[in-house]
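Protein chains: 2
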Amino acid sequence: MTTLAVDCMGGDHGPRVTLAACRSFLDREPEARLILVGVPDALKGFSHPRATVVPATEVVAMDDPVEVALRRKKDSSMRVAIQQVKDGAAQAAVSAGNTGALMALARYLLKTVDGIDRPAIAYPMPNARGGATTVLDLGANVDCTEQHLLQFAVMGSALVSALKGVESPTVGLLNIGEEVIKGSEVIKKAGELLRSAAAAGDLNFHGNVEGNDIFKGTTDIVVCDGFVGNIALKTSEGLASMIGGFLKEEFSRSIFTRLAALAAYPVLSAFRRRVDHRRYNGAALLGLRGLVFKSHGSADAFAFEQALARAYDAARNNLLDRVQARIAHARPLLESGADTGGAVAVAP
Amino acid sequence: MTTLAVDCMGGDHGPRVTLAACRSFLDREPEARLILVGVPDALKGFSHPRATVVPATEVVAMDDPVEVALRRKKDSSMRVAIQQVKDGAAQAAVSAGNTGALMALARYLLKTVDGIDRPAIAYPMPNARGGATTVLDLGANVDCTEQHLLQFAVMGSALVSALKGVESPTVGLLNIGEEVIKGSEVIKKAGELLRSAAAAGDLNFHGNVEGNDIFKGTTDIVVCDGFVGNIALKTSEGLASMIGGFLKEEFSRSIFTRLAALAAYPVLSAFRRRVDHRRYNGAALLGLRGLVFKSHGSADAFAFEQALARAYDAARNNLLDRVQARIAHARPLLESGADTGGAVAVAP
Numbered sequence: 008m009t010t011l012a013v014d015c016m017g018g019d020h021g022p023r024v025t026l027a028a029c030r031s032f033l034d035r036e037p038e039a040r041l042i043l044v045g046v047p048d049a050l051k052g053f054s055h056p057r058a059t060v061v062p063a064t065e066v067v068a069m070d071d072p073v074e075v076a077l078r079r080k081k082d083s084s085m086r087v088a089i090q091q092v093k094d095g096a097a098q099a100a101v102s103a104g105n106t107g108a109l110m111a112l113a114r115y116l117l118k119t120v121d122g123i124d125r126p127a128i129a130y131p132m133p134n135a136r137g138g139a140t141t142v143l144d145l146g147a148n149v150d151c152t153e154q155h156l157l158q159f160a161v162m163g164s165a166l167v168s169a170l171k172g173v174e175s176p177t178v179g180l181l182n183i184g185e186e187v188i189k190g191s192e193v194i195k196k197a198g199e200l201l202r203s204a205a206a207a208g209d210l211n212f213h214g215n216v217e218g219n220d221i222f223k224g225t226t227d228i229v230v231c232d233g234f235v236g237n238i239a240l241k242t243s244e245g246l247a248s249m250i251g252g253f254l255k256e257e258f259s260r261s262i263f264t265r266l267a268a269l270a271a272y273p274v275l276s277a278f279r280r281r282v283d284h285r286r287y288n289g290a291a292l293l294g295l296r297g298l299v300f301k302s303h304g305s306a307d308a309f310a311f312e313q314a315l316a317r318a319y320d321a322a323r324n325n326l327l328d329r330v331q332a333r334i335a336h337a338r339p340l341l342e343s344g345a346d347t348g349g350a351v352a353v354a355p
Numbered sequence: 008m009t010t011l012a013v014d015c016m017g018g019d020h021g022p023r024v025t026l027a028a029c030r031s032f033l034d035r036e037p038e039a040r041l042i043l044v045g046v047p048d049a050l051k052g053f054s055h056p057r058a059t060v061v062p063a064t065e066v067v068a069m070d071d072p073v074e075v076a077l078r079r080k081k082d083s084s085m086r087v088a089i090q091q092v093k094d095g096a097a098q099a100a101v102s103a104g105n106t107g108a109l110m111a112l113a114r115y116l117l118k119t120v121d122g123i124d125r126p127a128i129a130y131p132m133p134n135a136r137g138g139a140t141t142v143l144d145l146g147a148n149v150d151c152t153e154q155h156l157l158q159f160a161v162m163g164s165a166l167v168s169a170l171k172g173v174e175s176p177t178v179g180l181l182n183i184g185e186e187v188i189k190g191s192e193v194i195k196k197a198g199e200l201l202r203s204a205a206a207a208g209d210l211n212f213h214g215n216v217e218g219n220d221i222f223k224g225t226t227d228i229v230v231c232d233g234f235v236g237n238i239a240l241k242t243s244e245g246l247a248s249m250i251g252g253f254l255k256e257e258f259s260r261s262i263f264t265r266l267a268a269l270a271a272y273p274v275l276s277a278f279r280r281r282v283d284h285r286r287y288n289g290a291a292l293l294g295l296r297g298l299v300f301k302s303h304g305s306a307d308a309f310a311f312e313q314a315l316a317r318a319y320d321a322a323r324n325n326l327l328d329r330v331q332a333r334i335a336h337a338r339p340l341l342e343s344g345a346d347t348g349g350a351v352a353v354a355p
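Protein chains in written order, with the numbering used here: chain A, 8 to 355; chain B, 8 to 355.
Note that these hints are calculated values from the structure, not bench results. Note that the coordinates shown come from a computational prediction; the quantities given were computed from them, not determined experimentally. It is possible that some hints are incorrect.
Remember, identical chains collapse to one label, so a pair may be satisfied in a single copy or spanning two.
In silico EDC-like pairs for lysine to aspartate or glutamate, Cα to Cα no more than 16 angstroms straight-line [unchecked claim]:
1) Lys189 - Glu65
2) Lys51 - Glu342
3) Lys195 - Asp150
4) Lys81 - Asp121
5) Lys171 - Asp320
6) Lys189 - Asp70
7) Lys93 - Asp328
8) Lys189 - Glu74
9) Lys118 - Asp94
10) Lys189 - Glu199
11) Lys189 - Asp150
12) Lys81 - Glu65
13) Lys189 - Asp71
14) Lys80 - Asp70
15) Lys81 - Asp71
Generate coordinates for the entire structure from the input sequences, incorporating the hints supplied.
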């Protein structure tokens with residue numbers, strides 16, 4: 008039986024959303040157990056034979072600085088949920104809370120695995136092939152070296168391989184052109200490291216990809232630093248919301264367009280389902296000695312349940328062991344790269 | 008009378024598209040003159056009382072390296088068109104050719120204005136307010152300093168102020184959060200410089216913006232390095248194309264959905280017009296001693312005509328003088344920043 012620890016207080020809506028999602032998740036997954044972490048008063052309405060409550064007296068606010076989450080609120084629901092993973096009581100933790108705090112607490116409590124300097128956040132973005140492209144890092148690792156990008160590629164491959172059962176998922180390096188001579192020095196060196204990793208059989212490296220390849224689904228995984236990843240994600244959210252707004256405006260312009268909307272209703276609903284980002288909720292924090300999943304802060308119950316499902320799949324499929332095995336296999340490369348990081352030659 | 012020099016051979020479609028756009032543009036603008044630059048054979052079908060042909064024997068291919076455009080093809084249509092601006096025969100040049108070659112040739116022939124290290128490409132992206140957000144740089148200035156970002160802000164402000172008649176357009180610095188402590192060291196220093204510029208009255212600096220603010224239209228201008236700008240643009244193109252594809256698929260799924268599409272046709276057309284990126288074609292190369300506009304390579308005649316219109320507006324509204332005046336006004340700041348670039352304090 009697989010157990011998830013849920014930070015029931017996190018996110019914009021707290022227990023109202025997280026508890027509804029937990030109930031629906033438990034109904035859907037007869038083999039799952041949940042540890043609900045939160046302020047007892049807020050959870051008292053909930054009871055289920057496969058759920059237990061672990062109390063926490065504090066809550067990390069969405070705008071709390073990392074320091075407050077780390078040093079002051081030592082009995083926060085977020086922290087206690089991660090502690091369940093550390094103690095072995097749960098195989099994964101899920102939170103919709105403050106990303107920075109979650110990253111910092113997870114790193115502090117669980118530590119990174121050998122060979123990984125920084126945890127990364129891997130975010131699934133829907134693509135035109137009907138699947139999702141896993142983009143990392145979105146965890147705001149702002150200044151990344153070529154080594155970090157290689158580590159992201161190794162971790163992303165392990166994640167996709169565990170979640171989708173693909174043996175050797177393809178990896179693209181996000182760049183401003185497909186040619187190896189494009190991009191900053193760090194990107195060029197990362198390309199070189201990734202090609203070596205591919206030659207050694209540690210990765211299925213496709214080469215450089217561009218921004219549009221994320222949504223085309225050119226590769227299973229797209230690797231970038233956290234700054235670029237954040238801009239790509241937020242820009243996409245902004246565009247999707249603008250397009251959705253335009254469509255709505257056009258269909259509600261007059262009585263005639265409203266009638267057209269009625270006629271087109273089944274089509275528009277099917278379209279909306281396809282572009283519904285809630286289906287892709289649940290980003291993995293990778294590189295830690297324990298599984299932690301991040302839900303979007305504004306998630307509703309449907310979206311939060313997707314994050315629970317994703318964490319559950321990862322835990323059942325031994326994501327942690329797989330990531331560690333992949334990293335162990337790539338260790339010689341990770342280490343040789345680290346030693347000669349500054350001196351890696353760029354292919355002409 | 009304002010004259011534009013048109014590289015008729017550039018872009019994916021060459022004269023078939025550029026000449027059609029030129030004819031329509033001349034019909035629409037009775038005060039405009041055009042210098043059509045290209046291989047005489049390709050242009051011989053065209054004649055108009057306000058158009059003259061300047062021959063060029065070579066064409067820069069879309070995949071020609073910059074070196075070929077600069078050193079080998081010395082009689083290319085792209086180069087000859089820019090030369091018209093340098094010689095004072097035209098007030099702006101327009102090309103749909105290879106961006107790297109256009110940047111390099113423009114910089115080599117026209118030179119940058121005093122106070123500007125690198126030209127930048129400013130791209131208008133549609134926003135939810137019904138206007139466009141001007142994003143720069145998209146010219147692949149990959150490693151930018153805080154000084155470059157300040158220069159982009161000054162140039163972008165001059166552009167928007169000239170094209171839209173806004174005295175003091177707002178500038179946002181693209182970042183991964185609104186707080187001043189977010190981002191890389193370069194971004195934090197750029198924020199500090201931009202705040203100083205705002206305090207000195209040289210800029211209307213709004214502060215940090217995030218990716219979604221581009222499409223929200225939070226500020227008139229968004230400043231970023233060329234790597235991040237390229238990723239944001241290409242990611243948006245990829246998403247827009249995926250969403251368009253989904254919508255089309257859903258409406259052509261069966262006879263019923265096709266009927267729904269018929270009913271919704273006027274609405275869908277209005278929607279398509281609103282998100283039609285062709286309307287926003289025409290990016291300015293800024294910071295040069297002459298005006299050059301870049302059209303998308305895949306532009307059709309409608310889109311190429313938008314680029315001509317944009318170049319024409321810039322030339323008529325003295326964009327060049329305005330940019331230079333703004334830069335001259337900001338010179339003390341640009342220079343003080345340059346001297347103490349490494350030592351600028353970051354506000355706590």
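* Which numbered hints fail -> Violated hints (numbers, rising): 1, 2, 4; every other hint is consistent with the structure.
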